[in-house]
Amino acid sequence: MEADQDKVQYYVLIGHLIFKEIEGLPLTEREREDLRAWRNGGEERKLIDEGLRDRRALMQELTVLNDRYKAAASIEQVFRILGLEVERPGEVSAIGRAWMRGMSAAAAVIFLMLGSWWLVTNKEGAGPAPLRPAEAGVAVQKPDKAVLILSDGTQIPLDSARDGQVAQQGGVKVVKMNGQVSYRGGDRGEPVAYNTMATPRGGQYLVVLPDSTRVWLNAVSSLRYPTVFSGRERKVELNGEAYFDVAPNKSSVFVVAAGDVEVRVLGTQFDIMAYGDEAIRRTTLVEGKVMVARGAERQVVTVGQQAMVGRDSGFIMVDANPDIDKAVAWRSGSFKFSEADIRSLMRELSRWYDIDVVYEITDFSGRYGGRIDRSLPLPAVLKLLEGNGIHHYRTEGNKVIVLP
Amino acid sequence: MFLRLSNGDATALGELMKSYFPLLCGYAEHFVRDSSLAKDIVQEVFIKLWQYKGRFEAAGNLKAFLYLSTRNGCLNSLRSLERESDRRVKATYLDAREMEAIDESIVRLEYMAEINKVVQQLPLKMREVFRLSFEEGLSIEEIAKKMGISAKTVRNQKYKTLVVLRRHFGQTGIPLLFLISGIN
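Residue numbers (this note's numbering), protein chains in the order written: chain A, 1 to 404; chain B, 405 to 588.
Among the hints, a few may not be true.
[Said to hold, decoys possible] Label-pair restraints from in silico Cβ distances:
1. B:505 / A:399: 46 to 52 angstroms
2. A:36 / B:503: 22 to 28 angstroms
3. A:359 / B:555: 56 to 62 angstroms
4. A:377 / B:503: 49 to 55 angstroms
5. B:551 / A:55: 20 to 26 angstroms
No lab work stands behind these hints: they were computed from the structure.
Just so you know, even glycine gets a beta-carbon here, dropped at the ideal spot from N, CA and C.
Bound-form chain A, shown alone (with noise of 0.2 angstroms):
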């Protein structure tokens, strides 16, 4: 691999050159003795070289280029794609990056906490564009949707649960208020007993543990945890995704674990995404330091990075300059995705509409970048969609069938 490195550096040097010996620009002695070397190099080079000596022939064949493959609409797409540029209007719209880079974590989480991620594009000046407005449907109003399952392995359905005490695991009281589940009283010397915070599709819910750290679950995923921490580490499951607001304690760690990943905290707030389905498992970091492990690998996060570990691979990689909105988008109740291919997009899509997938289309290679509002219904959103070219789509009760 290294020598076709030096190859090809070697042809654009030589190319270069060419250009400024036929051109008339100024050659140092080095320069000529290379292009020499170059030229005695074979037949098929003194061809090359004459032919480049014909410009009409070379304008003609640059015209076709640049006309066969204009480079104005690729760019573009490119840049919708990395999510550089302001896009079509309605709700879909990429917003610039630029942005990202000079925020502090402090402000990261103020615009979280605040749901008002407009105030964050107004910024820049670009602004939201004008939205279209939603379709076919009324908007939904998803009721927080989970269920608890205690040690005994009795289930809670939460949404039709009522508000108050829930269950009681020892001494330690279960109370479901406001939308969310929190864990009262109980006390050092309690048996330990697990139970398990899972939701699903179309589902998120907010529980708040013993410690007082604030997890809140995203769609089709599970929290394993203790009734009561004790000791020097406070150790939780999670299968899924899920952000967390850890309280502070500084002689107990706070460590998740997700399969083989595990992510020991010291209070911070953070966002894990680790899906059994998808390939990549991110956790990113809103505030404070984590450290990444998997296995004897080891990995420092700070404020403002994002570490990604593969599921099949055991690569743990830091980004620098992740996309933060794009993680935690989730919590502001809309689906962000750059980059991203019909299978991710689809998968998102069925995690919170709860629907099927199927594929009748051969062209997998579409790359696509915008923001879809949570509470948009499906048929609007796949109007959405089909409006931004992004493929055809139709429905069979369940079952989400994407055309071409």
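Starting from the structure of chain A, add chain B where the hints point.
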């Protein structure tokens, strides 16, 4: 240029794509012979370039990256097409000699890139005047007739082009290529 890219300057990416995108597609054509596939592959290359946070030591490294990534993208495409047992594609198996020839074509492509760098800087009208005058060797009157504008406008455009070129090439002088096209 490459420093601006490493620092996340998006306009640098746009400029680079303006001159290199069509040429890298031309390079890809040697492998895949399908223009829309070539387009997809080269778009991926620039996406990868933007995501590559490393710093290139010299312009040469960045360009080498572009050609090599394009080649790899093409070979990957060919391989995955082969896996789907597309008989057409099996015929495009390239032997060492052909690969060498494709590499040598980089010399021509780089030469064209230097030209394209300037051509892309010219606004459309100027580009057309430049092309007609240089490529087809038309006189000012002929160009005026063809484009439906006055001879005075054509002369104006040529002069403006000269200004652009001077600005671009500065001290080193304007390449013969452009002078010979009759811009004076």
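Hint check results:
1. Remark: the range hint 46 to 52 angstroms for residue 505 (chain B) to residue 399 (chain A) is upheld by a beta-carbon distance near 51 angstroms.
2. Against the hinted window of 22 to 28 angstroms, the Cβ-Cβ separation of residue 36 (chain A) and residue 503 (chain B) comes to about 25 angstroms, which satisfies the hint.
3. About 59 angstroms separates the C-beta atoms of residue 359 (chain A) and residue 555 (chain B), a value consistent with the hinted range of 56 to 62 angstroms.
4. Judged by the Cβ atoms, the range 49 to 55 angstroms given for residue 377 (chain A) and residue 503 (chain B) holds: they are separated by roughly 54 angstroms.
5. Checked against the hint of 20 to 26 angstroms, the C-beta distance between residue 551 (chain B) and residue 55 (chain A) comes to roughly 21 angstroms, which is consistent with it.
When each numbered hint is compared with the structure, no violation occurs for any of them.
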